[in-house]
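*Asks:* Below, each chain spelled out in residue letters.
There are 2 protein chains.
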Amino acid sequence: MELDQKVEIATGIDSLAQVTVQVGINLKPGQQLIVLSPDGGVPIETLPLVRRVTEHAYRAGASLVTTLYADDFSTHSRFRHGNNESFDVGADWLQSGVARAFQEGAAGLFLFAGNPNLLAAEDKDKVARASKAHLRARGPMSTEIFNLRTNWSLTTAATVAWAQLVFPQISPNDAVERLWLAIFKAARLDSSDPIATWKAHAAKLNTRARAMNALNLSAIHFRGADTDLCIGLSDRHTWTSVFMTGENPNGVECLFNIPSEEINTVPDRDRVDGYCRMTKPLFSDGVVIEDIIVRFEKGRVIEATARTGAEVLRGLLKTDNGACRIGEVALVPNSSPISKSGILYCNTLLDENAASHIAFGQAWSVGIDGGLAMSADELLRHGANQSLIHMDTMIGSAEMDVDGITATGQKIPVMRSGEFVEELASKA
Amino acid sequence: MELDQKVEIATGIDSLAQVTVQVGINLKPGQQLIVLSPDGGVPIETLPLVRRVTEHAYRAGASLVTTLYADDFSTHSRFRHGNNESFDVGADWLQSGVARAFQEGAAGLFLFAGNPNLLAAEDKDKVARASKAHLRARGPMSTEIFNLRTNWSLTTAATVAWAQLVFPQISPNDAVERLWLAIFKAARLDSSDPIATWKAHAAKLNTRARAMNALNLSAIHFRGADTDLCIGLSDRHTWTSVFMTGENPNGVECLFNIPSEEINTVPDRDRVDGYCRMTKPLFSDGVVIEDIIVRFEKGRVIEATARTGAEVLRGLLKTDNGACRIGEVALVPNSSPISKSGILYCNTLLDENAASHIAFGQAWSVGIDGGLAMSADELLRHGANQSLIHMDTMIGSAEMDVDGITATGQKIPVMRSGEFVEELASKA
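Chains F and C, in that order, give the protein sequences.
Mind the numbering: the first sequence is residues 1 to 428 in our numbering, read in order.
Mind the numbering: the second sequence is residues 1 to 428 in our numbering, read in order.
It is worth saying that the hints were derived from the structure and are not from the lab.
Any given hint could be a false lead.
Which copy is meant is left open, so a pair is good if it fits within one copy or across any two.
[Unchecked claim] Simulated pairs of lysine-lysine, DSS-like, Cα-Cα distance not exceeding 27 Å:
1. LYS411 / LYS124
2. LYS6 / LYS318
3. LYS28 / LYS318
4. LYS132 / LYS28
5. LYS126 / LYS28
6. LYS318 / LYS185
7. LYS204 / LYS132
8. LYS28 / LYS411
9. LYS6 / LYS411
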């Protein structure tokens, strides 16, 4: 890497850290900050970003910043040498500790930066069991996060193995640089004032969500290549973006995904019917699941096929009772900057913001009107799905048409050929 | 570093990891293992040792190995940019999580490898407050450790900053190499079968401890340069080594310090009188405390002076009510291999095994007969001191004479000129 490129990357990393701390997490003086990953620890390789995050957090008044790291070699070591019985064990003590910290007011930063292929060569059964054990262990922590009980954010960081998967034709160094630059662009850091840019962008997404709410829909209907899917919405659904303007329980505004292009809401877990072809592959613990077609009946997946990885897909959908139902439906225009990059990132945070998507598993309670104050039982009564998993799968494309359907059966155009209709487009 | 030196270091690191897992921790199949540091996280620089430990742990049947890392840059960042109020905050959520894991049967490995000078340039008041906040946070975890409720061990790893402090005249690379070689020698890895060597050495230390117990002492008297110190022993004291032969609550043998050369027991916290000159400097959060002289009356320090760092020393002795009393007295022959190296390691684990020592603060309940099953109140009734700190300070030297004193006032020679008298020497 040339010196000026190194400077550009370092500057971008600092800017990403600053935006994440100040707008994403919106860290308040006196809060602890925990940096971790949805999978557990963050790769040690993300140290340059973690250090910038740590400094920005202390400058913003953090009382203590603690980063939980993971080391790929150690993860592999378990699969190479561990006893078979060990794969049902998770770090409950650690995840419960994080849950406690969130309950006591700590803020969270999740870095979604792992190597999607890390466990590709390992035994599939052990991988699935270890993943499920981790999902169980992090359950109490996830509850805090899905209910937005504290201010938190999720962002990403380029790592060599991931970059090589995205850009296999170029050198590892060049691949990392190119991935960082793509992340910076996706995170809108190329503007003169990224913090102002993010505040404006988030406000526009919220305006679009309000416009969707004004339509007062009962269902939403996706039509495209191999797709004819009608998704009933919760009777209390509300469209939101990832920008919480203080209605979350601790009252601190936060923007819980950086980048983000979506508005989303909560489907009725029992009213999803039809079929769809996923428009991007899924990456699950080193397995690439391609050309997925899923068929729903009364909310449940009754058929799931894929050209590769079908067994893993079906295993994921059997994680628990809620894993074969959806907890989120999200709309992203095909013209989103991430989509326009034309890159398949093999990373949910980036790929889900390039296309409309549905998520198998857990619903966000913020997508239910009043949901943040509801018990799990109340949320369920309003159709909000519950599961240990939350697996976003992309269904949007340049061919997708989306209609809203009101309680009286009126059809209202929402998207045509992958873009919001003019009235909704102008909201963002 | 030359190739053959690199191989020698890598081989030594692997051997240290193996001895630590198999003899130190004596990890049992199905146990989780947590790798951490008494100060919090282990330096990321110790990754080569952590990876070997992780592999040996999985080979021994570990269900999950979790390492808590710390990053010196991030630690500095807090002191440079953090709010003043932040320094009274510790990671209670994390340390309590570790305590829970130990309660539920996880094993522990502590790496004592930090840079002794890390915080030398930082504000002394903030350093002291941050240290106390950490001691409070780790309290529940320390309780598990001091009461040996699980099998654990403490060892060390060479890092650049530490090595440069020990060997300031040579290059950083050479310093790290020399420190590793000194650690390997101290850890008796130069024998043909280090595991058998450790088992034999530990058994000999236990034999020496039993010989001390047979003397049925009431007190122990140190005489040397500027030293005339009489330490009354608990009415239930028992001499032990760091080798627990299964009498610990979870019944798993472990050797909780590698290396170790000491036998030790629990003083009566109210019966310590006289004065002593410490024979090695103390290192506390970047401050070197040199030429310490301490005077006791009825167990309490009534005067503490030092040529450098006296304020920090007096601050430490005021941490809590028990910090100015001692919880441990330990005997180490001046001819111990670590002492013979002639190196001042600036690292408690190594330096304390080069000289007889006393520890301010918390007592080990294993040094009280039946103490592992006693409540904190019962332990206190038998004179075992309680504190958030446990600070070993070296008093042994080639000039030190030590006598045991029985309840009837009989004097029994224990050490002469820093060496055990023949009868006790032959026990080890």
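*Asks:* Under a CA distance limit of 27 Å, which applies to LYS411 and LYS124: within one copy, between copies, both, or neither?
*Replies:* neither (44 Å within a copy, 69 Å between copies)
*Asks:* Pop the pair LYS318 and LYS185 into one bin, within, between, both or neither, using alpha-carbon distances up to 27 Å.
*Replies:* Answer is neither; intra-copy 37 Å and inter-copy 54 Å both fail.
*Asks:* Are the CA atoms of LYS6 and LYS318 at most 27 Å apart within a copy, between copies, both, or neither?
*Replies:* Neither way: LYS6 and LYS318 sit 45 Å apart in one copy and 49 Å across, limit 27 Å.
*Asks:* Indicate which option fits the pair LYS28, LYS318 if close means a Cα-Cα distance not exceeding 27 Å: within, between, both or neither.
*Replies:* neither (40 Å within a copy, 33 Å between copies)
*Asks:* Within a copy, between copies, both or neither: which one fits LYS204 and LYS132 at a CA-CA cutoff of 27 Å?
*Replies:* neither (37 Å within a copy, 47 Å between copies)
*Asks:* Checking LYS132 and LYS28: alpha-carbon separation at most 27 Å within a copy, between copies, both or neither?
*Replies:* between (34 Å within a copy, 24 Å between copies)
*Asks:* From the Cα coordinates, with 27 Å as the cut-off, is the pair LYS6 and LYS411 best called within, between, both, or neither?
*Replies:* neither (52 Å within a copy, 72 Å between copies)
*Asks:* Tell me, please, which holds for LYS28 and LYS411 at an alpha-carbon limit of 27 Å: within, between, both or neither?
*Replies:* For LYS28 and LYS411, neither the intra-copy (44 Å) nor the inter-copy (64 Å) Cα distance is at most 27 Å.
*Asks:* Since the copies are identical, ignore which copy is meant and state whether LYS126 and LYS28 lie within 27 Å (CA to CA) inside a copy, between copies, both or neither.
*Replies:* Between. Shortest inter-copy distance 21 Å satisfies the 27 Å Cα cut-off; intra-copy 41 Å does not.
In this structure, the earlier hints numbered 1, 2, 3, 6, 7, 8, 9 are contradicted, and the remaining ones agree with it.
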